[in-house]
Amino acid sequence: MGYLNNSVVTVDAILTKKGRELLARGDGSFKITQFALADDEVDYTLYNTNHPSGSAYYGEAIENMPVLEAFPDETQAMKYKLLTLPRGTARLPVLSVGTTSLSLRQGASNEVRPQTLNYLGQGAVYEPGGYTATVADVRLFSNFVGIGINTEEADRLNATTSLGTNVSKTVIGTNISLTATAVNTLFGSRTQLSTTITFIGRDSGARITIPVTVTKPSNN
Amino acid sequence: MSFKRLDPEDISISAESVTAPVWTGNVTTLTSFFTSSTQANGTTGDFYLNVYQTGSTEDTAAIQFAVAFCDKYGSGSVDFTPGVSGFSPSRANYGTYKNQVLGDEVGELKFGANEVTSSYFYAINFERSRFKEKLLPGTLELKLKNGATTLTLTEIIPQTVTYTDAGRKYELKSNAAEEGSNLFLNSGSYGHSYPDIGLIILNGQALDAPTSAGGLALATGPYNSNRLKANTDTSGSQALYDAIVDAASFKQNAEETLSSNYIFVRARNQDFNYSSNPSYISASGELTHTLMIEDPRSYITSVGLYNDNNDLLAVSKLSRPLLKDSRREALLRIKLDF
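Protein sequence lines correspond, in order, to chains A and B. Mapping of the first sequence onto our numbering: residues 1 to 220, in sequence order. Mapping of the second sequence onto our numbering: residues 1 to 338, in sequence order.
Since the hints were derived computationally from the structure, they do not count as laboratory data. Note that the coordinates shown come from a computational prediction; the quantities given were computed from them, not determined experimentally. Using N, Cα and C, we set each Cβ at its ideal position, and we do this for glycine too. Any given hint might turn out to be false.
[To be verified] Okay, derived cross-link-like pairs now, SDA-like style, lysine to any residue, Cα gap no bigger than 25 Å in a straight line:
#1 B/Lys-4 / A/Leu-23
#2 A/Lys-31 / B/Ser-14
#3 A/Lys-17 / B/Ser-12
#4 B/Lys-4 / A/Arg-87
#5 A/Lys-169 / B/Asn-310
#6 A/Lys-31 / B/Asp-337
#7 A/Lys-79 / B/Leu-331
#8 A/Lys-17 / B/Asn-261
#9 B/Lys-335 / A/Glu-69
#10 A/Lys-17 / B/Ser-119
#11 A/Lys-169 / B/Asp-311
#12 B/Lys-98 / B/Ile-156
#13 B/Lys-4 / A/Gln-76
#14 B/Lys-98 / B/Ser-119
#15 B/Lys-4 / A/Gln-122
[Unchecked claim] Among chain A residues calculated to face chain B with C-beta under 8 Å, some are:
#16 Thr-16
#17 Gly-26
#18 Leu-37
#19 Ala-38
#20 Tyr-47
#21 Asn-50
#22 Ala-77
#23 Asn-110
#24 Arg-113
#25 Leu-117
#26 Ala-182
#27 Arg-190
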């Protein structure tokens, strides 16, 4: 006879930059109402279904790996969320933006409309909750807004401005409208600037990151 | 799909009292005391002496407390302006602490059951970061030595606590006085402890009393000795500091209330068994491992706490990946301190 293991795993949480901002704002927006789980560090190719010791050891490499400490940058944490789906699901939702990369000339505009594949048994859908889009360096765009979702949160994010420094910006919409910067000084001696945009389905949790390049014409 | 709402009972707020010695390194008794000549010889040195646990130029040096001499008539320190008698740092100290404790400018500090007033006293002011939230009553043990005489001062913890403008107040007694006997001198108690503001006031007259009367014969008072009778003598703070150094024993604990949010995160057996991790699926969304179609499994490494707008407010990490499948439920307790 042995003792049952009735221990509860206890872990300490840290506030993110966004959490500190909302806590300081004091308007009630710092209210924890939901949670998500993630596995950012896990490489599932380490799940070895050919392990000679059998199925109990398939996850040996993953289960013994160390985990990185939490990042306070909310854009770098909880990237790959765990999903609740019916058992037997063979395909998970993935995002498509119709291209694997974006290239814009200086001052040019574009509009991206993400789609979700394999969501709720459908081939391709536009998620009703829309998509969040996060550009890693907002300086590359004079205009970066979400269109099509008219919630308070979406309006607030679209209205947020960041000045001067290399910071990210997140917007919400069904369509993401962007205009490449016309500022020459940002290029210095370079002819191209690069960054990334990450799209996340607000209903499905699926995400995709694509590289973006802004090119300065030679006559500018 | 990837978010799960918390029930109201999943979140609880806990207030936990944490006590520890006030001294750097959590040593229970501070036995070595140092001042800084730079501070003592500067303008603030006219008001108080900062006391360190090690030489003030050492890397680990940290201010533990300050000692100050306070006199109603300004004795024990040099006048701010020559010829304007009585307006000096010791008088400023006197007003500062009296205002803080009494809340008015006309009252007098009263020591002991017989409420003896004293026109001068010493203040021991604990560094804020050392006493954190408040001192823990009943843990003070301050030894003072002058010549061959040593006093060990502790707090009297009464049935009913006295409250002042500075919060709780406890009278100080010498351990030489036994319970039930006369705990107070003719000059009153040895002083007060104000744990809520990290302050100890020592009755100047009690410390100046002769040893035969229970005092320390410190002889700093301008009215019963010759030591500080002129407004040019600055040794008030130094006299108490010397008595602390000679006795070499100071104990005091602090108390802090830590408020924590505990969030209980429950992942039911059918929840969170798939992952959006790119190594979990191919580019088209098909599972990398086909055996996970009928037996989905994932690994938890992070827990994110969100508001209704899906803003990530706090994040916590597990020490190692935790397997999650349809045969397992996970109960995680997330501690969030403010």
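Checked hints:
1. With a CA separation close to 22 Å, the supplied pair B/Lys-4 and A/Leu-23 stays within the 25 Å bound.
2. Our distance criterion of 25 Å between C-alpha atoms is met by A/Lys-31 and B/Ser-14, whose separation comes to about 17 Å.
3. Note on A/Lys-17 and B/Ser-12: the hinted pairing holds, with a Cα-Cα distance of about 23 Å set against a maximum of 25 Å.
4. Of the supplied pair hints, the one linking B/Lys-4 and A/Arg-87 holds, its CA atoms being roughly 18 Å apart against a limit of 25 Å.
5. Note on A/Lys-169 and B/Asn-310: the hinted pairing holds, with a Cα-Cα distance of about 15 Å set against a maximum of 25 Å.
6. For the proposed pair A/Lys-31 and B/Asp-337, the alpha carbon gap of about 14 Å is at most 25 Å, so the pair holds.
7. Between A/Lys-79 and B/Leu-331, the direct Cα distance comes to roughly 22 Å. Compliance with the 25 Å bound is thereby established for this hinted pair.
8. Straight-line distance between C-alpha atoms of A/Lys-17 and B/Asn-261 comes to about 18 Å, which keeps the hinted pair within the 25 Å bound.
9. Simply put, B/Lys-335 and A/Glu-69 have alpha-carbon atoms about 15 Å apart, close enough for the 25 Å limit, and the pair holds.
10. This hinted pair does not check out: A/Lys-17 and B/Ser-119 have alpha carbons roughly 53 Å apart, beyond 25 Å.
11. Under the criterion of a C-alpha separation no larger than 25 Å, the hint pairing A/Lys-169 with B/Asp-311 is consistent with the structure, at around 13 Å.
12. Only pairs whose Cα atoms come within 25 Å are accepted, and B/Lys-98 paired with B/Ile-156 is accepted, the gap being roughly 21 Å.
13. Of the supplied pair hints, the one linking B/Lys-4 and A/Gln-76 holds, its CA atoms being roughly 21 Å apart against a limit of 25 Å.
14. Our distance criterion of 25 Å between C-alpha atoms is met by B/Lys-98 and B/Ser-119, whose separation comes to about 11 Å.
15. Restraint check for B/Lys-4 and A/Gln-122: the C-alpha separation of about 23 Å stays at or below 25 Å, so the hint holds.
16. Among the interface hints, the one on A/Thr-16 holds; its C-beta lies about 5 Å from the nearest C-beta in chain B, closer than the 8 Å criterion.
17. The interface hint given for A/Gly-26 is violated, since its Cβ lies 13 Å from the closest Cβ of chain B, which is over the 8 Å cut-off.
18. Evaluation of the A/Leu-37 hint against chain B yields a held restraint, the C-beta minimum of about 5 Å falling below 8 Å.
19. Because the beta carbon of A/Ala-38 sits about 4 Å from the nearest beta carbon in chain B, less than 8 Å, this interface hint is met.
20. Among the interface hints, the one on A/Tyr-47 holds; its C-beta lies about 6 Å from the nearest C-beta in chain B, closer than the 8 Å criterion.
21. Given hint, A/Asn-50 at the interface with chain B, is violated; its Cβ is 11 Å from that chain's nearest Cβ, farther than 8 Å.
22. Checking A/Ala-77 against chain B by beta carbon gives a least distance of about 5 Å; that is within 8 Å, so the hint holds.
23. About 23 Å separates the beta-carbon of A/Asn-110 from the nearest beta-carbon of chain B, more than 8 Å, and the hint is not met.
24. Checking A/Arg-113 against chain B by beta carbon gives a least distance of about 19 Å; that is not within 8 Å, so the hint is violated.
25. For A/Leu-117, the interface hint holds, the least distance from its beta-carbon to any beta-carbon of chain B being 6 Å, beneath 8 Å.
26. Nearest Cβ of chain B to the Cβ of A/Ala-182: about 32 Å, over the 8 Å cut. The hint is violated.
27. A hinted interface residue such as A/Arg-190 counts as satisfied when its beta carbon comes closer than 8 Å to some beta carbon of chain B; here the least separation is about 30 Å, so the hint is violated.
In the structure shown, a violation is registered for the earlier hints numbered 10, 17, 21, 23, 24, 26 and 27, in ascending order.
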